[in-house]
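> Those sequence lines, one after another, are chains H, B and U.
Counting from 15, one number per residue, gives the positions in the first sequence under our numbering.
Counting from 9, one number per residue, gives the positions in the second sequence under our numbering.
Counting from 1432, one number per residue, gives the positions in the third sequence under our numbering.
Nothing false has been slipped in among the hints.
Here are some chain B residues pointing at chain H (derived, C-beta under 8 angstroms):
1. 54
2. 55
3. 56
4. 59
5. 72
6. 75
7. 94
8. 97
9. 101
10. 126
11. 127
12. 135
13. 157
14. 159
A few chain U residues facing chain H, derived, Cβ under 7 angstroms:
15. 1448
16. 1449
17. 1451
18. 1452
19. 1456
20. 1487
21. 1490
22. 1493
23. 1548
24. 1553
For the record, the hints were derived by calculation from the structure and aren't laboratory data.
Values in this document were obtained by computation on a predicted structure and should not be read as measured data.
Think of the CB as a built atom: it goes at the ideal place given N, C-alpha and C, for glycine as much as any other residue.
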Amino acid sequence: MPKINSSAEFAALRKEVLSSRDPNRPCIAVCTGSGCLALGAANLVTALKDEIQAQGLESRIEVRETGCPGFCERGPLIVVYPDETCYLKVQPADAKEVIASVLEKTVIDRLLYVDPVTGERVVHEMDIPFYQNQLRLLIGNNIKLDPTSIEDYLAIGGYAALEKALCQMKPEQVVGLVKESGLRGRGGGGFPSGNKWEFTRNAPDPVKYVVVNADEGDPGAFMDRALLEGSPHAVLEGLIIGAYAIGAHEGFLYVRQEYPLAVENITLAIKTAEEYGFLGKNILGSGFDFIVEVAQGAGAFVCGEETALIRSLEGKAGEPKPRPPFPAVRGLWDKPTNINNVETWANIPLIINKGPAAFASVGTAGSKGTKIFSLVGKVKNTGLVEVPMGITLRDIVYKIGGGIPGDKRFKAVQTGGPAGGCMPESLLDMEVDFDQLTKAGSMMGSGGMIVLDEETCMVDFARFFLAFLADESCGKCVPCREGIQQMLTILTDITQGKGKKGDLDLLLQLTEVSGASLCALGKGAPNPVMSTLKHFRDEYEAHIEGKCPAFTCKELFSFYIEPEKCQACTNCGRKCPAGAIEGGKNLIHVVDQAKCTKCGACLEACPPRFGAVTRIPGKAVPAPLPEDARTIVRGNK
Amino acid sequence: MSELVLQIDGREVTAQEGATILEAAESVGISIPTLCHHHKLEPYGGCRVCSVEVEANGRTVVVAACTYPAEKNVVVRTKTEKLDRIRKALVEMMMAHAPDSEKLVELAEEYGADKDRFKRNQSFCIHCGLCVRYCNEVKKKNALGFIDRGAKKRICFIPEIAAKECWQCKECFPLCPTSALQAAFVLNEAITTPSSAEHSCSCGHGAGK
Amino acid sequence: MDIGRIDQIIDKHGCKASSLIQILINIQSENHWLPKEVLERVSERLAVPMNQIQHITTFYKSFSLVPKGRHEVHVCMGTACHVRGAQRVLDTVEELTGIKPGETDVDLKFSLETVNCIGCCALGPVMVVDGEYHGNLAAGQLEDVLKNYE
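Looking at chain H on its own, in the form it has when it is part of the complex (with noise of 0.2 angstroms):
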């Protein structure tokens, strides 16, 4: 490929991608995103492919292996263009039918996704309720291109940004469009880019750089990796111009290392970008150089903190350093240094091509724009959403998400990854966007939605996340370090039966200490256990008082058969590792306590239709019948 020279010659190049491109020829893009990866979509492919070769169907049908469109609780799942017929959980045996349907023009009707409420079958992709209350202004282009083809991503427009800011356009200006805009940080703090930006241009010191945030640490939060790995070159334009308004010609892209797809995909980008002269000396003749490095993380949490990120970059242990002075002004190897996260610089393009009022026409008033959310945990369609800023909870959870798995009630939302908050059912109508999630005592963070049912346990929830926080901690500072683990030793006696009457007013006491803290994560971590104590007091104090109501911590709840609905079945006993269960032929079943190791297993043996194992809080159960008087007498009815 000759490389770009100009605005001239890049017009060219989209003409002749589009030209040779039909848009009606039948092309069956299949996600290959880690999550329909992790459920086979590879053998999926494969079948796809060997079916099409095996019929000599190769020049009629085209096999698009994509990134994530989202909803992974239905993968490995694909979409059937020109007509957009989406199919979801298909297996590599259904290969043959998906060819035999493309070259028909007919629908599988058992592939479709089916309404759980209404029992209607639905063909296209965007008539599916998860897609349809959703606002795809990012994701929904990664169904629509190969990750590894530049040329897909040109022929949805691609790189038109980077053109007309380079070629058409003063840096200053770019800067002006992206403050106008009101775009803020996706990475957490919610800083306005377009500020963030200016200072580092500012900056006296000539040597800049430019960092893209992809160390993506909230577990259960994978918005980013989709877009490195779906839409590489999206979040490489981004960059790029945004080197440009900053005055920056180095930048760096640092990877978490538990992403090894997006590594390969993004260096992969980089490579071809070079090629076409989007990178490198003087990008499309502009006279502006610039190049990317693809740094990776070695497994650190703390790292997804600017300066320790900076530090990463460096070579050294990712502790971060005291602000200010802030990277803008002082950041990696002491010069001016921006770092956005990953959906930010994804977001450039999509300002620059529509205009600043478009973007900022969706949104509420301080919070402008989509912002893609991972939506997981006791919710059926688990799975990636962006959403319009200021959409209420409720519609995320109930119409994106569709409820919760199982007839089990709602508790909780949690949101803004490790040191976020909890959000229980009175703040469901909230609309959502920076300054309400933090007003509610959480935060936006980089966009982990975690739902909750009846059957999680606050108090052990924010024990999970203390933990998490305790290991991933630098330790360099005290608050940090001793105050996390003072604030997870109390929380893991009040989950072990251990608790005593002050803890709880100890733990608020200890919260004020972590403000002392020298960066965020020692600052916020206090968050899950104010917010849990906040809204769900009355659990923390069942603990102390001996009991989980949830039935999560082992120490504070029991099993128990309930003698009169016991039909000595033998199920439970077979089924128990622990011994724990006495009984027999014709005998009603007894735990013993003693030996009983809470895990579960007995209840999941138990047959619905009797439903004699069950749980109560606390330790104390109904004293066994008597050994004589355990013989059931079946009548003859």
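Chain H is fixed; fit chains B and U onto it per the hints.
Only chains B and U this time, still in chain H's reference frame:
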């Protein structure tokens, strides 16, 4: 270097640009407690007992005086009830590791800290990093460093370097506010020359690790 | 791991101190652990003192200073997996293999690690063995899964 004026505990203080709040305060005789600070070393900001309140643009934040730069027109408070509570808790947390450290006992008296408030974990080290930083920055020997992170973080000698450099130096010993450093050194000695020490402690470090 | 290969990796990354972590990642992924001689060579070539290398190799979770087992078992302990019962999965794997996270068994068969979310939340609870995903796990299935690894 230009000068700037800020307010500390109600007093106008003139400081050099680039000075920290701690330096600015000390220059007029306002004392702020410190533990991990040393005038020969780069500011660290680890122990946070030098926490002060800084008010700028209508917002008040708690920052470490030893690392936070003196800025024009900010209002600094070095003694408030909140700061007292924070310092007290910090001292208590460190005392769970080193209850008899002289420096900590002194601070405990000043802030009314209870050395038994938190569950004991007598590791002695409070991670002030004075030894590591002194060895790296001043002596440039790199004979000891940190390992691991979070609550598992600890100091550790590099046996090969320690065997060569440490006996004649030991300048880090008096810097240690607890007795942790010496303990670590003795342990290191025992590991490198097990025969001479007849090492018989039950820590488990001696064998096959 | 022979010294020539280590030098190759170091040179590939430009033999700069700032590339230390990238070099160690590279060695770790080829050799599965970081022997002391390797670290000493890296220290010498990059002129980075050993105490700094020691800090880095223990600070970042993906480095191992001991040999790993033939099969690397990663149990996801991310939030979504946690609320779907990851702790029970981990408890059972610990019981079956006889090792705790961070450990390797004496036969060098399994190494067990926990990971903080691998982003396959729809499959939770998830376990990855040698890169192969096992999702929607119940404690009862684990024995059958692990049986397949020799």
